[in-house]
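**Q** These are the residues of each chain, in order.
There are 2 protein chains.
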Amino acid sequence: MTDQSLLPFFDPKGVVIIGASTAPDKLGYGTARNLIHSGYKGNIQLIGQKPGQIFDHPIRDAIEHATGPLDLAVLIVPAESMVEVILACGRRGIKAAILISSGFRESGNAGELLEKKCLEAARNYSMRLIGPNCIGIINTHLPIDTTFLQPPMPAAGNISFISQSGAFCAAIIDLMRDQGFGFSHILSLGNQVDITETDILPAVSEDIKTRVIVLYLESIADGRKFVRVARQVTRSKPLIALKVGRFEAGRKAAASHTGALVGADNVFEAAFEKSGVLRAGSAEQMFDWARALADCPLPKGKRVAVLTNAGGPGVIAADALELNGLVLADLEAATCKTLSDLLPEAASVRNPVDMLASASPTIYSACLRTLLEDGQVDQVLLILPPPPMYPAETVAESIIPIIKSSKKPVAVSLMGSLLTEKALSGFETAHIPTFPFPERAASALGALVRRSWYLQDQKDYQDQKPSSPVRIYSPEMTPSELLSGYEIPVVPLALAGSVDEAVSAAERVGYPVVLKIASPDILHKSDASGVLLNINDAHSVKVGFAALVNHVSRVQPDARILGVHVQKQIPLGQEVILGMKRDPQFGPVMMFGSGGVEVAAMKDVAFCLAPLSETEAQNMLDRTWAGRRLKGYRNLPPGDEKAVIRALVNISRLVLDNDYVRELEINPLVVNDRGVLALDVRLIYERMDDLKKSS
Amino acid sequence: MTDQSLLPFFDPKGVVIIGASTAPDKLGYGTARNLIHSGYKGNIQLIGQKPGQIFDHPIRDAIEHATGPLDLAVLIVPAESMVEVILACGRRGIKAAILISSGFRESGNAGELLEKKCLEAARNYSMRLIGPNCIGIINTHLPIDTTFLQPPMPAAGNISFISQSGAFCAAIIDLMRDQGFGFSHILSLGNQVDITETDILPAVSEDIKTRVIVLYLESIADGRKFVRVARQVTRSKPLIALKVGRFEAGRKAAASHTGALVGADNVFEAAFEKSGVLRAGSAEQMFDWARALADCPLPKGKRVAVLTNAGGPGVIAADALELNGLVLADLEAATCKTLSDLLPEAASVRNPVDMLASASPTIYSACLRTLLEDGQVDQVLLILPPPPMYPAETVAESIIPIIKSSKKPVAVSLMGSLLTEKALSGFETAHIPTFPFPERAASALGALVRRSWYLQDQKDYQDQKPSSPVRIYSPEMTPSELLSGYEIPVVPLALAGSVDEAVSAAERVGYPVVLKIASPDILHKSDASGVLLNINDAHSVKVGFAALVNHVSRVQPDARILGVHVQKQIPLGQEVILGMKRDPQFGPVMMFGSGGVEVAAMKDVAFCLAPLSETEAQNMLDRTWAGRRLKGYRNLPPGDEKAVIRALVNISRLVLDNDYVRELEINPLVVNDRGVLALDVRLIYERMDDLKKSS
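Line by line, the protein sequences are chains A and B. If you want our numbering, it's the 1-based position in the first sequence plus 232. If you want our numbering, it's the 1-based position in the second sequence plus 232.
No lab work stands behind these hints, which were simulated from the structure alone. Be a bit skeptical, because a hint or two may be false.
If several chains are the same, the list does not tell them apart, and a pair holds so long as it fits within one copy or across any two.
Here are the computed lysine-lysine pairs in the DSS-like style, where the Cα-Cα straight-line distance is at most 25 Å [stated by the list, open to error]:
| hint | residue 1 | residue 2 |
| --- | --- | --- |
| 1 | K457 | K475 |
| 2 | K835 | K863 |
| 3 | K258 | K654 |
| 4 | K469 | K506 |
| 5 | K691 | K534 |
| 6 | K569 | K534 |
| 7 | K506 | K532 |
| 8 | K532 | K258 |
| 9 | K506 | K258 |
| 10 | K640 | K835 |
| 11 | K469 | K534 |
| 12 | K874 | K457 |
| 13 | K532 | K469 |
With the rest of the complex left out, here is chain A (with noise of 0.2 Å):
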């Protein structure tokens, strides 16, 4: 374990309940009866206002009475003679409280300020605190359990949850009662006061009992470092999160295209993909992906084959498993020969396989065999609706032990439940996860898949450095001048008063050019006739000059006309869009998608945490059509991906050296297929008092 202060929550020597009460309707008493039933073997006192007894333990009046070894409280006391109660902890030599009582952030500033003074306290005894308003951990294995739920505890198993919310944490507790898999680990957080969900992973994941730790957020109180330790604990062991709140985040006023679409979610769902974290839908489908990744092997790859004793329940499962990105597999020629041998004709030994309702138990298991073996096939889904002809705990039988010898996954949907009890409860036995629809299979399928992916490509991942931070802002920078540090070549844009300045500033960015007018009353240049294209040698800068001024002067008289802007005529190309934004809580979020006007509202982005990895670049690119299209479309030519790869990876080189770029924006990226070219650049500054506290 890597944070030792941590331990007195995971093998305490002696639990102190401060707060225990023999009045069967309060909190004081299911905690005590809870810990004292769990089968905690350390030293167990109750500390309570009114003497008694609560199952043989004596309840005493004050901490100072208690014996034996103690190192864990669980409190349970009103908030305001909280902050006194672990001083008395500290003096009694305890290292780590519970706090279950609620009365404080939640409540209001006075309550927020209570919070502190406890944290206070316990940081002069270097005492950890979980909670407050929490209900306590569970250790199935231990066992301990410091909750005051219903009895009974949660059944043993290898999945561990960390929730920030109570009563999630309670209802998921009863709800996934009887569904066939068990917890090792229960964390309920609370309001978080010293440890987060961040200091706790670690320490849940080095737990030899735990396969899979499911995580309920509503917030993370420190990105940076969350994806820092999701990514070590995900190396090892799958880290499932049901992140809530999507919607809740204002859209705020925004400086940028990137700005307004950099919204909190996305951020979350780029700090997951860094951090190889799989992100649940939903409670259930946690729970699903959940128990697939703690019970089945992974797969090699995405193709299915999948079994089934009826033609329905198999298209709903091929229709699933396209949704969740995965594919039938195409079978190989001696499969559907021996498939062929063992099926009546009628049958189909094309994927989905359906060996029709008469199948047997012996044709169940033959059937499975054979695709277990093939060599296209990466995992299967088996479909078990109640057999017309035989008890369905007869086909369980026969082929629970092909799935538990197999090393590739089989997902079982069992579709019943009175008719399919005695084979449920056979698959449970056998750790076997069975899903009532052949579209839960599948979106648990996906999720093994996802997961096999993640550590193939973690097997050659180098984690990447920024280079140290240079502070090389001078107020005197351009864009352009930051920007071609990092070999983003931006098209300068001169601006000529006079015809003479007009010729020289051609001269300098070298022909053709483009002459543009350049009024702050004139937008849409085009329209007001204000651009003039391939412009070829000096005299035609001066004729052109005169044009546009005299043109412009008469078809808008009011229009104040400061000269004209010289850029170098630059050739066709794709535009994209390639963005940043500082997330407050994760750092810089990179953005790359269709440039142009319309980048906000056809939503053609991608998101990724800087910074980027070839690789990463590479994803963004694959998951937007901006990106696909730099291949080629139709009679639209290939850009130069590689070009457009390098320069999001260097941006993020940029934004981590530069920590006082707050947004960056180049709309558009011009594409073509010898390289990249920035027409329009946008930076926003962090404010020079921020920049001041942060250097």
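Knowing the structure of chain A, use the given hints to seat chain B on it.
**A** Positioned in the frame of chain A, the structure of chain B alone reads:
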């Protein structure tokens, strides 16, 4: 009942089972057992090869020896004997038969032939057939059960279920036990040699015990008829479909973007929308929606109040509402005041209303009543995890009378199992649907809102009669001439082989014109500098003609040059696509969306079956960015939305009037503030021999 010939399936005077058996492992035993135990009150006769008795009913050796009135036969005989048995039934005066046996179309060509012979045999006696290859029918209210499924029969209720898959039907019956609802009719249709889902729908919808119909579909036999019938049904009762095989249809080569984009699944989607069918994403969702539609009043709008005793599930609910197209209601000040008086200070009186964990049954009911009285609230999502201080059933008891007497729907998310068992049975007795997760409750509320909107739309909906087909096609007619008959202006393009021809063409179309090189060897005219804009007079046409031909001859000497195309230069505008593809099942499918070459990749398109009402055309615009952009966006000017709607409605008439048009595509249709102009039109005609067949 519209179709009298179906009556014996719904209220038979007497039922004969042919193929009855005393052997408990035979389908002929299970069917007899279920029929006898179902409580069916009419005449029951059993016919089998071996004599004997099943529950006191004698098995006779031939239908000729059956006694009493008989109008329905249930046939469980080998496929080869089926024709003969049907004929015997016909002679006995039987008018309806359910063919349970398999061995027909599903097992190959010989079986398909056999099936057709069964139908012919039945037609001789005006006998209607359900099946073959089905599990039969159940009517819990009559009652009758002709299936061979394991007992018990499903609970009686108000949901009717029509299924094209027998296995799925059987699995659902078992899976949905003890889920708090019951069935009215269950109909397994098998191979549908005679009666299809469309035939049976009106009869089921007229059943007074049926409040909701759910359909499991793998295909639809006659798409146009289905849409017509389903539209009728959905005006009185909700119809929910689970259509599987979304991804089955192979991507066929198509002659237009529209052809490529109108996939089989989009057409089903459009058909369901046209007919008011709610399409569910999974079996679980289908029955969640059905339960809500069967037992909840319909809401007036989409504003939802969330009432919870815990923050976490409230946030989950808020997320799920948004995902389902609903919104959090903005509570009235008076409501917040009342809630403030009721609740502790730390509670949240803004929506979601969080009463905190201490909420008592009295608080639950008082808050619920307050929210239901709020004029800003159309419906309530109530969350009930096991309350830490009170048994869940006491909360259930206090809120059930309020929910039952409310005219606004209340969806209850009862988040527990063991601790909420008694509460669950209370809700079930009161016919109040509950959902284990807030996400599922939100999805059910979403279905209620969509149903409510559909009924409101139908109130003033006039069925559109297409104008009577007029075959105005002639080989000489150009697409422009055809379209102009439907008020779609097409920008004419004249080929000029000489300078003089070009001048007269330009004078015909009117200046300014565009000249484009006409060469089969030059695809990208702009790239090859083969386009001249802004030609304003005859002299410029002459100069331009020569310049274009010279230029192209120089840069691409091998190009065959036919002359130039002269087209009137039109003002710039937004480019959209407007298309139609004739679906073999459902007839013409209209498409609208973002135009240009990238249309197939961007997929910013919407579909609707023809004919279109203006409202339907408007909905297509609202569903695409191309359509929403017509209102103007940032510096992009608005386009003439009404002209686009007119064009869509008119094209939908064109394709109904001219059934030789197989595909039609205008890409782009240019929209500016003064109307629409078709720049490029593709028409694909039916082959002439097909035409002859259909005329």
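**Q** None of the hints should be skipped; say for each whether it holds.
**A** Hints, one by one, checked against the model:
1. K457 <-> K475: Answer is within; shortest intra-copy Cα gap is 17 Å, inter-copy 46 Å.
2. K835 <-> K863: both (20 Å within a copy, 18 Å between copies)
3. K258 <-> K654: between (40 Å within a copy, 22 Å between copies)
4. K469 <-> K506: This pair counts as within: shortest intra-copy Cα distance 15 Å, inter-copy 49 Å.
5. K691 <-> K534: Within one copy, since 19 Å is at most 25 Å while 49 Å is not.
6. K569 <-> K534: within (23 Å within a copy, 56 Å between copies)
7. K506 <-> K532: within (22 Å within a copy, 44 Å between copies)
8. K532 <-> K258: neither (52 Å within a copy, 44 Å between copies)
9. K506 <-> K258: neither (44 Å within a copy, 58 Å between copies)
10. K640 <-> K835: neither (38 Å within a copy, 37 Å between copies)
11. K469 <-> K534: within (20 Å within a copy, 42 Å between copies)
12. K874 <-> K457: Classified as neither: same-chain Cα gap 31 Å, cross-chain 54 Å, threshold 25 Å.
13. K532 <-> K469: For K532 and K469, only the intra-copy Cα distance (17 Å) is at most 25 Å; the inter-copy one is 48 Å.
Hints 8, 9, 10, 12, counting from the list given before, are not met by this structure.
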